[in-house]
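S.K.: Residue strings, one per chain:
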Amino acid sequence: MAPVLAQAAAGTANTAEIILFVVFGAIALGAGVAMVTMRNIVHAALMLVINFLAIAGLYLALQSSFLSIIQVIVYAGAIMVLFLFVIMLLGVDRDDLLVDLKVWHRVGAVAGVGLLAAALLWGFSGTYTSQNSRCGEQAPATAAASRSAQACVGMDAALAADDEGSVGVIAASMFGRYAFPFEAAALLLTVATIGALILGKRTEVHQDDDPAFEPSAPVPTEEDLVEAQVGAPIDPDDDRNPAEPGEDV
Amino acid sequence: MPIGYYFALSALMFCIGLAGVLLRRNAIVLFMCVELMLNSVNVTLAAASRLWGGPDGQVFVFFVIVVAAAEVVVGLALIVNIFFRRGTLDLDAPRLLKG
Amino acid sequence: MHSLLLATEADAGHAVNAVFETTTGAIGMAYLIPLIPLVGFAAVLVLAKPLRERAAFIATGASTLTFLLSVMVFLQVQSDPGTHVRPMVDWIDAGPLQVTWSLLVDQLTAVMLLVVTGVGTLVHVYSHGYMHGDPRYERYFAYLNLFLFSMLVLVLGSSFLVLFVGWELVGLSSYLLIGFWFEKREYAAAAKKAFITNRVGDVSFMVAMFMLFAAFGTLDLLPILDHAGELPSNVALAVVLLLMGGAAAKSAQIPLYVWLPDAMAGPTPVSALIHAATMVTAGVYLTVRSSPLLVQSLDGMIVIAWIGAATALLAALIAIRQDDIKKILAYSTVSQLGYMFVGVGTGGFSEGIFHLTTHSFFKGLLFLAAGSVMHAMANEGNVWRMGGLRKVMPITFWTSAVAWLAISGVPPFAGFFSKDQILTTAYENGFTGIWVVGVLVAVLTAFYMTRWFLLIFIGDRRFSSDVHPHESPTSMTFPLLVLGALSLVGGAVLNLTHHGPFYRWLQPAVASTEGLAFAEHGALTEPALIAISVVAALVGIGASWALYGRRDLSAGAIAEPIRGPIAELMQRKFFVDELYEAVLVRFGGWVANGMVWFDTNVIDGLVNGAGAASTATARRVRRVQTGLVRGYLAGMVAGAVILLAVLLVQVR
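Protein chains in written order, with our numbering: chain A, 546 to 794; chain B, 4 to 102; chain C, 11 to 662.
Please note that the accuracy of each hint is not assured.
To be verified - No farther apart than 25 Å at their CA atoms in a straight line, the calculated lysine to any residue pairs in the SDA-like style are these:
no. : chain 1 : residue 1 : chain 2 : residue 2
1   : C       : K583      : C       : E570
2   : B       : K101      : C       : R640
3   : A       : K746      : B       : D95
4   : A       : K746      : B       : G56
5   : B       : K101      : C       : S624
6   : A       : K746      : B       : V70
7   : B       : K101      : C       : G469
8   : A       : K647      : C       : V639
9   : A       : K647      : B       : M40
10  : A       : K647      : C       : K401
11  : A       : K647      : C       : R630
12  : B       : K101      : A       : H650
13  : C       : K401      : C       : G469
14  : A       : K647      : C       : G641
15  : A       : K746      : C       : V639
16  : B       : K101      : C       : A626
17  : A       : K746      : B       : M40
18  : B       : K101      : C       : G645
19  : A       : K647      : B       : R98
20  : A       : K647      : B       : L99
If you're looking for bench data, these hints aren't it; they were derived computationally from the structure.
Using the sequences provided together with the hints, build the complete structure.
M.R.: Structure representation (structure tokens):
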């Protein structure tokens, strides 16, 4: 970070980008950690929403405005809404009791993942984190890319070539070179929709076709599910539904 | 700012999502962690698009988002189905593949 | 058409056969001789259901047809003496081993053909009466035809291998026929015993064939016999002894004779055909056919002669104290076969064949007569429960008398000539010891056969009054009459003097003993030898008459005059069977159990162990499959991490 701040102080770095990166990066990481560790599922989903929004900001820092809008609309606006709907539908908005309790599982997972992170960071460092890798107008005069210092071309040239901005750049590529994958993606969405329709049909509770079924928490019965779906049964003594005066309930 | 910083950030996000996949037992939460991992990859792709100066990476991100959407739809439908059959979202419960 | 294939040197005084390749005349059709019984066998089996008893006529017809063909072949051989080779299809063509199905017809073959088909046809006719009413009547006749086919293949083969095929098939037919009434366990056991004992001999025969092939590069009779002189003497000795090993099993000599007395479990016509006239003579035929090989090893011939003599003596001693009508005849057969091998071993090849021929007459007759008696006495076999049957069964009585005198060696019946000529040859070739044994056996033979005859036909009835013996039907008495006539005049007609017509006719087909270094013979002249033979026969008959003909034997078996420990030994067959059982069978069982243990524990253990090992390994390894989704995820992550590490290291 020190070189970055020094650059910021020297005015040679793009300050806007740095600020965007730092802020949104921190939010994204924090939200990610929160989501992974939270026990309340709804809260976890909301943390994920924040994560997505932060990533949208990162896209802005990366000079891909189209992507950031798409991220907000599709991911944060549709996919997470779908998640939340399902959570509500299944009635598991209560605390998630299903957390791995075995210590060595946790330790092992964290240690392994930490190793992976270290490996990845080590892999990315050097070639892409040298000073030569700064993008756009920060690129040094010597644009020759070497193995140890990959030069970043930046989106300015591409964006300048197209009057429409980043949407036009992407559109030109998508409907030109990547037209076939585009159509295939459309077909994929259709298939997924139909599949979801079919899969969404309700079936009764079956536990005996899996002889090794081992739930850690007691499995809710049909009545529990009904109760979960439609909410608590109407309790005449409940204050939320007060009886009309004079009615005998 | 060197482009590698974005790569580092997305690597960290990927690892966080991976830890969540390994640690959480609830099917929905696990699915959300997978989404986190996908997003980290998206960030990597977008940064790479900037690195090489072309729209290809961003187009790739677009497609990843489309596929992720489709996958979420089908996956959640499956999860709903499983929940109604088994009554629980515990991923450690079904042991049909136990051999 | 025939051409001279091989012109061989003729020894002075010993004619040698010229070799022809013949495809015309009766010899050209000689392949039909074995083929007709084979077709008969199949036809009887196939037509047994629709035709029932009448199917037997197919078999008898086939046998008669074959006999007529054999007569025609004989006539052609007589008009055209020599070794005729009838070429047929190729069989084996495997590099150095070339075998064809060709037929070899010479004087020896003609004799064997006549004996086999002649006695065979008579037995077929006899069986119509004897086996009448048997539930498997048709199958019996099918087996008889199968046997004829086998024996004819044996006799006609021009190669040792073809002979061996017939040899084995004869063993099979014998097994089928001995065990014909396999419902009784002892009978089935007797059939197995015959087959297995023959198998032992077959191994010996096979090794002999291997050695012959190694020495000559072929298994065809003609090349081997023509070049027999090229064998080194130790190889010749080995081959001769091994061939004798095979012959000893088939012809019931020491030590492999034990199956023949038990083989009396089969129907009596079977005993007459197989165990008197044909199958047991296959060993004699083999050795005589291989006579050019035999004369290469005088030591081998001496061994053969002594085996024959010892067997003859042992069997005669046992026969003296047997009480079953067929057992006596069985041991008698073993004894007479010993005589034939004495003939073969002392250089009297033609004499051996002559005795084979006459023996088929009178022994066949004796067995058929025994069958006739048993048929009349409701299958009673113990001679002590017979007696006085001459009054009720005249034809059987008179024909049996002829056979009795023939086998006892009384002139002018058939057996006298053949037996005497064998003994004369033995004496003249210097085998004095064997001659003495032979004379002793002649005495014993006359003795026990007279005993047989007396106990059955002469004297008072020793059976209960509810048994009504009667003469047998014509189908059974006709063969008796034919054989009786042959036993009466056959010997004199065929070979009145030592070098009579039969001898001279057969000479070119057997080897010459000119060059063999026989010992010096004693001073007795031929008339003296003849006289001694006659005296021996009369002594035997007289002694038996004194013991059995003039006493009151109505008390039954207790009246047996020959007693004492030696007599007990004789009656118990000298415990040979028990000895074999204790030593060989038990040892064999021990080895077999060891093999079973090895197979079950080691081999099966290996195979099952492989399976068990893989199952045990799988049981451990499959714990990896926990069924936990997250476990699989963790595995995938681990794999991805490893790949990533590899990539990074390579890139950096």
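S.K.: Would you mind marking each hint as holding or not holding in the structure?
M.R.: Okay, the hints, checked on the actual structure:
Restraint check for C:K583 and C:E570: the C-alpha separation of about 17 Å stays at or below 25 Å, so the hint holds. Proximity of B:K101 to C:R640 is assessed by CA-CA distance (about 13 Å); at most 25 Å being required, the pair is judged to hold. Using a Cα cut-off of 25 Å, the hinted pair A:K746 and B:D95 holds, with the two alpha carbons roughly 24 Å apart. With a CA separation close to 47 Å, the supplied pair A:K746 and B:G56 exceeds the 25 Å bound.
With a CA separation close to 19 Å, the supplied pair B:K101 and C:S624 stays within the 25 Å bound. Using a Cα cut-off of 25 Å, the hinted pair A:K746 and B:V70 holds, with the two alpha carbons roughly 23 Å apart. A threshold of 25 Å between alpha carbons decides the hint, and for B:K101 with C:G469 the separation of about 95 Å lies outside it, so the pair is violated. For a cut-off of 25 Å, the pair hint linking A:K647 to C:V639 stands: about 16 Å separates their Cα positions.
The straight-line distance between the Cα atoms of A:K647 and B:M40 is roughly 24 Å, inside the 25 Å bound, and the hint therefore holds. Proposed proximity of A:K647 and C:K401 is contradicted: the alpha carbons are some 112 Å apart, above 25 Å. Using a Cα cut-off of 25 Å, the hinted pair A:K647 and C:R630 holds, with the two alpha carbons roughly 24 Å apart. Note on B:K101 and A:H650: the hinted pairing holds, with a Cα-Cα distance of about 19 Å set against a maximum of 25 Å.
With a C-alpha separation of about 10 Å, the suggested pair C:K401 and C:G469 falls inside the 25 Å cut-off, and the hint holds. This hinted pair checks out: A:K647 and C:G641 have alpha carbons roughly 13 Å apart, not beyond 25 Å. Restraint check: the Cα-Cα separation between A:K746 and C:V639 comes to about 24 Å, which is no more than 25 Å; the hinted pair holds. Of the supplied pair hints, the one linking B:K101 and C:A626 holds, its CA atoms being roughly 17 Å apart against a limit of 25 Å.
Note on A:K746 and B:M40: the hinted pairing is violated, with a Cα-Cα distance of about 29 Å set against a maximum of 25 Å. Proximity of B:K101 to C:G645 is assessed by CA-CA distance (about 15 Å); at most 25 Å being required, the pair is judged to hold. In summary, the hint linking A:K647 to B:R98 is supported, as the alpha carbons are separated by about 19 Å, within the 25 Å threshold. At roughly 22 Å between alpha-carbon atoms, A:K647 and B:L99 fall within 25 Å of each other, so this suggested pair holds.
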